[in-house]
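Same order as they appear, the protein sequences are chains P and G.
Using our numbering, the first residue of the first sequence is number 30, and each one after it goes up by one.
Using our numbering, the first residue of the second sequence is number 30, and each one after it goes up by one.
Simulated from the structure, these hints should not be mistaken for laboratory data.
One or more of the hints may lead you astray.
As the list makes no split between identical chains, a pair holds if one copy fits it or if it spans any two.
Stated by the list, open to error - Distance condition first, Cα-Cα at most 30 Å in a straight line; then the derived DSSO-like pairs of lysine-lysine:
id : residue 1 : residue 2
1  : 106       : 178
2  : 69        : 52
3  : 52        : 178
4  : 248       : 46
5  : 223       : 60
Protein chains: 2
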Amino acid sequence: MLSKNQTKEIQFLHHKKYRDQQKKFIVEGIKLCREMMQTKSESIESLYCTEHFFTTNQTLISQTKIKYSIVEETGLKKISLLETPNEALIVAHYFDDSSKPLDFQNEFSLYLDDIRDPGNMGTILRLADWFGVHQIFASPNTCDCYNPKVVQSSMGAILRVNISYQTLPSILENQKIDHVYGALFNSPSLYTQKLSGGLIVIGNEANGISEQNIQLINKAITIPASPANGSESLNAAMATSIILSEFFRQLKA
Amino acid sequence: MLSKNQTKEIQFLHHKKYRDQQKKFIVEGIKLCREMMQTKSESIESLYCTEHFFTTNQTLISQTKIKYSIVEETGLKKISLLETPNEALIVAHYFDDSSKPLDFQNEFSLYLDDIRDPGNMGTILRLADWFGVHQIFASPNTCDCYNPKVVQSSMGAILRVNISYQTLPSILENQKIDHVYGALFNSPSLYTQKLSGGLIVIGNEANGISEQNIQLINKAITIPASPANGSESLNAAMATSIILSEFFRQLKA
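Isolated chain P (complex conformation):
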C-alpha cells in the first residue's frame, strides 16, 4: 500500500525539474523492471509491484536485495505514466554518465545535436545498442534521456547505452577524435566513402546540425537518394539507422 506522500514523491518524477533535483527516474513494465534488477540493481531505489509480479519474480527480487513494496493496481495506476500500468515500477537513481575515453581510431559513436523528440531519442538509443555503440554524446539541449517516453521507447537500451551531455567543442577537447562525421547536402556518398572510427553528428529534427557544430565536421557525408525522390530529408532516427548500419557494415561486419 502506498502512502499519499509516497505517491506524490513518485508522481513528481514525471517532471524533469524534479528528476534533476532528486537525480532519480522511473522505469516501468515487467520486462524493463526485470532487466533493471538483473543488470543495474545497484541503481534501484525501490520497486513497486503487484502481488502477481512479486510471486513470479520472488527469486530475482530476493537475490537483488532491493527495497520493494507490493501495491494494488489502483495504486500503481496513480504513479504510472503508462495508459495501462504494467505490474511493476522502479524508482532508480540516475546512472553514472561520466564518459570514459573511447578508442575513436577504431570505434564510432554518436553526437546528438539537439534531438528533441523522446521517441526519436529512444529509437536512437536502441539503434546504438544494436550496433554496439555503448557510449554516446548529446548536446545539453537534447531531450532528457530519463524522460519516461525515452526510457520506454528505448526498449531497455537506456540500461546499456551511456549518454553523456556535453557540447561538441568540449568533447573534442577532451577526447582524441580525428574524424567528425555529419550528414550534409552535396557531400560524398556514405556508401562509397571509406569510413573509419570517429564521432557522427546527428542533427535536430527540424533544423539539422547547428551552424557552429557544422564548422567542426571534417568528414561530411550524404545519404544518397533516388533521383526520383521527392522527400527533402529523412527523419533523424531513420538517418541514424542508415548511417550506423553503414558504419557497422564497413568497420565491424
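Chain P is already provided as a structure; the job is to place chain G on it using the hints.
Below, chain G alone, put in the same frame as chain P:
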C-alpha cells in the same frame, strides 16, 4: 463559410469506414496541399483554405481549376485533425491503386505484412520514396494508407508512392518475382549476401512475418547486430530503413 452539413461530411472522413464508403480522404497543411495541387490535382474534390492561403496561392489554385471554399480559422478547426490546423485542407479521392507489373529482376519493392502503426507506415512510405520505390504492396490488414496520421507522417510520400493491398500469394501469382526477401533470425547477413531485385517482406511490429508468409520467403536475410547487443529486435521502420539502404547501395548507388 462551411455549412453544418459540409462540416459533418468532412468530419466523417476522419473515420476509415466512411472513407472507404466514399473513397475519399483528407490532406492537410500548407506544404502537402500545395504539393497535392501541383502533382495530383485530378484527385482533388475540394480545397478548404483560409483567406491568407488563398491569396498567397491564387495562381496555383486557378491553374489547377479545383473547387475551393474560403473558410474561417474556426471552421477549419472543426474539420481538421491537426492540433493546430494549418491554413488548408483538401478532400481528395482515393488514388488509383491498381499495381502495374514491376521489373522485379532489377527493381526491389516492399510487402508490408500487417504493419499496424500509422507512424511506422508513414515512415516506411517516406523511406520508399527516398530510395526510389514507387510501388509497394501491403497485406489487407496493414494500416490504412489514408489514415490521416499516415498521410501527415509520410511528409508527402503518399503522393508519390503507390500502395496496393493484396495478399502475398496473390502478388506472387500475378507478378514474376524470383526473389522474396525477409528478415529472419539465423540467416545470411544482409551485408554480405549479393542482393538482387525482388520483393522484401516487412513483418508486423509485434509478431514479425506471419507463418504462412514465411513459407513464401526464399531469400532470408539477417540485419547483423553487435555481439554485445542487448536488444532483441529493431522496430519495423528502422529495419526497413536499414534493409532498403543496403538494397539501394548494392543495386542503385
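(message) Please list, smallest to largest, the hint numbers that this structure does not respect.
(response) Going through the list in order, the structure violates hints 4, 5 and respects the others.
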